[in-house]
Amino acid sequence: MKGRTEPTVASQSKRYLIILAIPIVFIIGCVEYIAALSGESYSPQALSEMQKADPRLVILTKQPYYTFKLARYAQEKPEVVYIGTSRSVHVRSEMFKPYNFYNASLSAWNFTQLTQFLKLMLEVHHPQMIVFSLDYFMFSHDWVRGNRKYDDFTYHPGIKSHFQAIGSVLDLCKTSPKKIRALLPTLIAGEKPIEETDHMRLFGMHGIHNEAGMRYDGSFLFSKGQLQSAPKLTVTETLIQAMPGAAQMDPKEIEAMKEFAKLARDNGITLVGIAMPLFKGSIDYMDTNKDYWKQAGVWREFNSPESQQLFAENGIHFFNMARLKGNDDIRNFMDGYHPNERGVLATFVELSANPEFRSLFSKLEFDRIKKDYANALENDQLFEIYHDKF
Amino acid sequence: MLFTQIEFLFFFFPLCLLGYFVLARFFQNPLIRITWLAVASLVFYGYWDKHFLKIILVSIVINYAFSCFIGKRDQSLKVKRSFLTAALLVNLGGLVYYKYANFGLHVIGKIAGHAFDPLSIVLPLGISFFTFTQITYLVDVYRGQSAEKNFPKYVLFVTFFPHLIAGPILHHSEMMPQFGAETSRKLSYDKLAMGLTIFAIGLFKKLLIADSFALLANPIFNQAIVAQVPIFDAWIAALSYSLQIYFDFSAYSDMAIGISILFGIRLPFNFDSPYKSRSIIEFWRRWHISLSRFLRDYLYFELGGNRKGTLARYGNLMITMVLGGLWHGAGITYLLWGTLHGLYLMVNHGWRNLCKKVPALLHMSDKAFWKVGMLLFTQLMVVIAWVFFKAEHFRNARNMLYSMFHIGSKKVEQTFTNDIGLTFLFIFAGYFICMALPNIKDMFKEHNPGLEIYKNDQASTLVQLRWTPTVTWAVITAVFLLLGISMSLIMGDRSPFLYFQF
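So the protein lines, in turn, are chains P and E. With this note's numbering, the residue at position 135 of the first sequence is 135, and numbering never jumps. For this note's numbering, count along the second sequence from 1 and bump the result up by 1000.
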């Protein structure tokens, strides 16, 4: 009779590795399936197509914003495009009507990135006009250094974004298992999970989780919770803490600005730089605080006539709206340096009185914008003034 | 690249391993796979910042050249000594420039009453590790203990990626014979099972445990930059940071050993349950063992060690620990951390001498209550020192310590911890793992995954665990690996090891 042979170390280890692999392969497979269905692992182009087909769709995945924005830009081919930081995320297409407009904010934080983004834009379409965030802190060395990680932007993110997508699904499993459970029947049925909220339709796990995302016109829809807590953040220090100052404007960044402006000029694009409003408390701090005086050097230099001259010489039409009338009203802001939709609308009302701005955007519906602003004031609307109007 | 990063887990590591064994399969010559591993290690390093690559390559070439000059047989001792001095100056000069220049400027500025603008210097990752590794090598070449002629092998010795960024500080005598050895030619199932398990344990420790403690410690330490914090918060932060750095470093050490074993290379154990120590002397034999060895063999002994009397011994101890503190970083807090440990060691040695003279004390130290007391006391001292290590600057550390010991009259009401009871329970669980569970060295004792470079007495372990390739262990490892990979995917690049900055 043959006796049972003892398993060798090798066979034991082989079995060990197989048992180890099975649950890992199974669970990663499940997560891949969810990511594929929920839009997290969609290409920016596919997401862009979806939004084009359904303008009420608000999209947010864990992919970098700028990839989606670039895809939407390529699809929309706007006449006027807004690029820059988070300070302009509330600019709406209604404010630029009748121009074909797209808000590609959250795409560049310094001039190197603006140039990089512009080059990519030019590969697919030449806009007539670029409106961009032009702020004092963009000339601060620390700000630029702090945002340097974005210098290596990959506008075609490839395989890494796929892993980020998987991470996004797992993140949701961890932070909000209830949400995942609620979506399970839809996912098991093989349908795309889309959550209706306030007449908008959220798509992308990240969007559903945060109840936020990018609207059809590129502006950003914030979650209700975030909007409710916004006024509490309007403290003086938020600007100082978030945006590092400097003794002076960094010459390297001035050069980068010139390079960006030249690229636009060479391609026949009109450049309009706007410094969006800052909360008055923040401005007062920079203007008067003795401890911050040195760091506020870049702010003073930015506001000087020499800088205005510099921008003009480089073909930039600059509108400094930092000291907007009404910037002492915290209800025009999300925090010390992010104007909300009403704050942005107020900016456009003030800009409508500027002859240079009027001549640049001669077709703008200034009277309607004023009326919209008056209505917003009357109805005490801070956000969602234009809601699903595009 | 981080061990916890997607690029490493899904691309670099599998490809590097595959390439290594494919080359080993087709080419008998070990130089081929050594070169592959050296190049891969440079890719691993250069992935952070390609500019760092130039620095490490220059350092390697210069040191290799120096080692050749120093190692020449017909060279006179005087010439050898001159070369060694030059080499040390170049190495330490580079380290001082990259790591300490701005700190020096800051100190000079403070003394002179004039603030100098900091130099625009980016600290190359792991510079302390690769500099010390090479200094060790050069000194040993000078002593006639080594002379490596094979350049790719030397490059691999310095750059071998599992140790490159956060140690251990390798000794050539332990590593050179392993590179290209016949045992490293084949990947066996048992090595794969063991390596993956150790790696999974490390991944879990880092991403699930260490990073969770970081979430408790960081906001409170940040608040203590500007003001004092409530007493419970202060203790939560201090204890959490102690656990964070423990699990962080332990995780790195485990992962490095796990990765290495897959290449058939055994790295030294660099971490041996230091929180089970019952004295500071023991702590330093268990914490960052390869650094302690370096400081002992190449600094403390060179200074004279304990050969010139008690006073000189204490002085040497203090110098060694202060420099050890500064090795971790250029800053007053690191200096204070090192000084504090120097003082601890002096007191510890003094106490030991006293115990030898007073039999009653020696007798007492064998009692269980005394052992437990010493364990807790040692831990308390370590935690206090960690406050300096973690603090951004002196005021930060002072605010934390004042808060912990309720010094000062500032009334602080706002607490940062939602559920103090649950948080302390979590901290207790962390300490239970540190003090009651075995480490990798104990768990894999029969399988010999690493080199024991310091023979410690077996630390007491309440729970005995021995790894064997069983179904239970496979399931546990799968859970660890899954949770670790999941956290890695969630965290992306946001979870660097604490020791990377040193």
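The hints are simulated quantities; they were obtained by calculation from the structure and are not laboratory data. It is possible that part of the hints are untrue.
[What the hints assert, rightly or not] With a cut-off of at most 20 Å between alpha-carbon atoms, the simulated DMTMM-like pairs for lysine to aspartate or glutamate come out as follows:
no., chain 1, residue 1, chain 2, residue 2
1, P, Lys294, P, Glu253
2, P, Lys97, P, Glu123
3, P, Lys363, P, Glu313
4, P, Lys160, E, Glu1148
5, P, Lys389, P, Glu49
6, P, Lys325, P, Asp291
7, E, Lys1191, E, Glu1452
8, E, Lys1455, E, Asp1297
9, P, Lys178, P, Glu191
10, P, Lys174, E, Asp1190
11, P, Lys97, P, Asp291
12, P, Lys52, P, Asp388
13, P, Lys294, E, Asp1190
14, E, Lys1080, E, Glu1446
15, P, Lys160, E, Asp1419
16, P, Lys258, P, Glu191
17, E, Lys1110, P, Glu356
18, P, Lys325, P, Asp367
19, P, Lys290, P, Glu306
20, P, Lys14, E, Glu1007
21, P, Lys160, E, Glu1007
22, E, Lys1191, E, Glu1446
23, P, Lys119, P, Asp54
24, P, Lys14, E, Glu1446
25, P, Lys363, P, Glu350
26, E, Lys1050, E, Asp1493
27, P, Lys252, E, Glu1007
28, P, Lys160, P, Asp142
29, P, Lys389, P, Glu191
30, P, Lys174, E, Glu1182
[Unchecked claim] Covered, in the sense of this in silico footprint (three residues per stretch, anywhere, with C-beta under 8 Å from a C-beta of chain P), are these stretches of chain E:
no., region
31, 1004-1013
32, 1018-1029
33, 1156-1165
Even glycine gets a Cβ: it sits at the ideal position worked out from N, Cα and C.
Comparing the hints with the structure gives:
no.	hint	result
1	P:Lys294 with P:Glu253	19 Å, holds
2	P:Lys97 with P:Glu123	25 Å, violated
3	P:Lys363 with P:Glu313	26 Å, violated
4	P:Lys160 with E:Glu1148	40 Å, violated
5	P:Lys389 with P:Glu49	19 Å, holds
6	P:Lys325 with P:Asp291	27 Å, violated
7	E:Lys1191 with E:Glu1452	18 Å, holds
8	E:Lys1455 with E:Asp1297	15 Å, holds
9	P:Lys178 with P:Glu191	18 Å, holds
10	P:Lys174 with E:Asp1190	33 Å, violated
11	P:Lys97 with P:Asp291	44 Å, violated
12	P:Lys52 with P:Asp388	14 Å, holds
13	P:Lys294 with E:Asp1190	63 Å, violated
14	E:Lys1080 with E:Glu1446	44 Å, violated
15	P:Lys160 with E:Asp1419	37 Å, violated
16	P:Lys258 with P:Glu191	49 Å, violated
17	E:Lys1110 with P:Glu356	51 Å, violated
18	P:Lys325 with P:Asp367	18 Å, holds
19	P:Lys290 with P:Glu306	24 Å, violated
20	P:Lys14 with E:Glu1007	26 Å, violated
21	P:Lys160 with E:Glu1007	8 Å, holds
22	E:Lys1191 with E:Glu1446	13 Å, holds
23	P:Lys119 with P:Asp54	29 Å, violated
24	P:Lys14 with E:Glu1446	19 Å, holds
25	P:Lys363 with P:Glu350	16 Å, holds
26	E:Lys1050 with E:Asp1493	17 Å, holds
27	P:Lys252 with E:Glu1007	32 Å, violated
28	P:Lys160 with P:Asp142	28 Å, violated
29	P:Lys389 with P:Glu191	27 Å, violated
30	P:Lys174 with E:Glu1182	45 Å, violated
31	1004-1013	holds (count 3)
32	1018-1029	violated (count 0)
33	1156-1165	violated (count 0)
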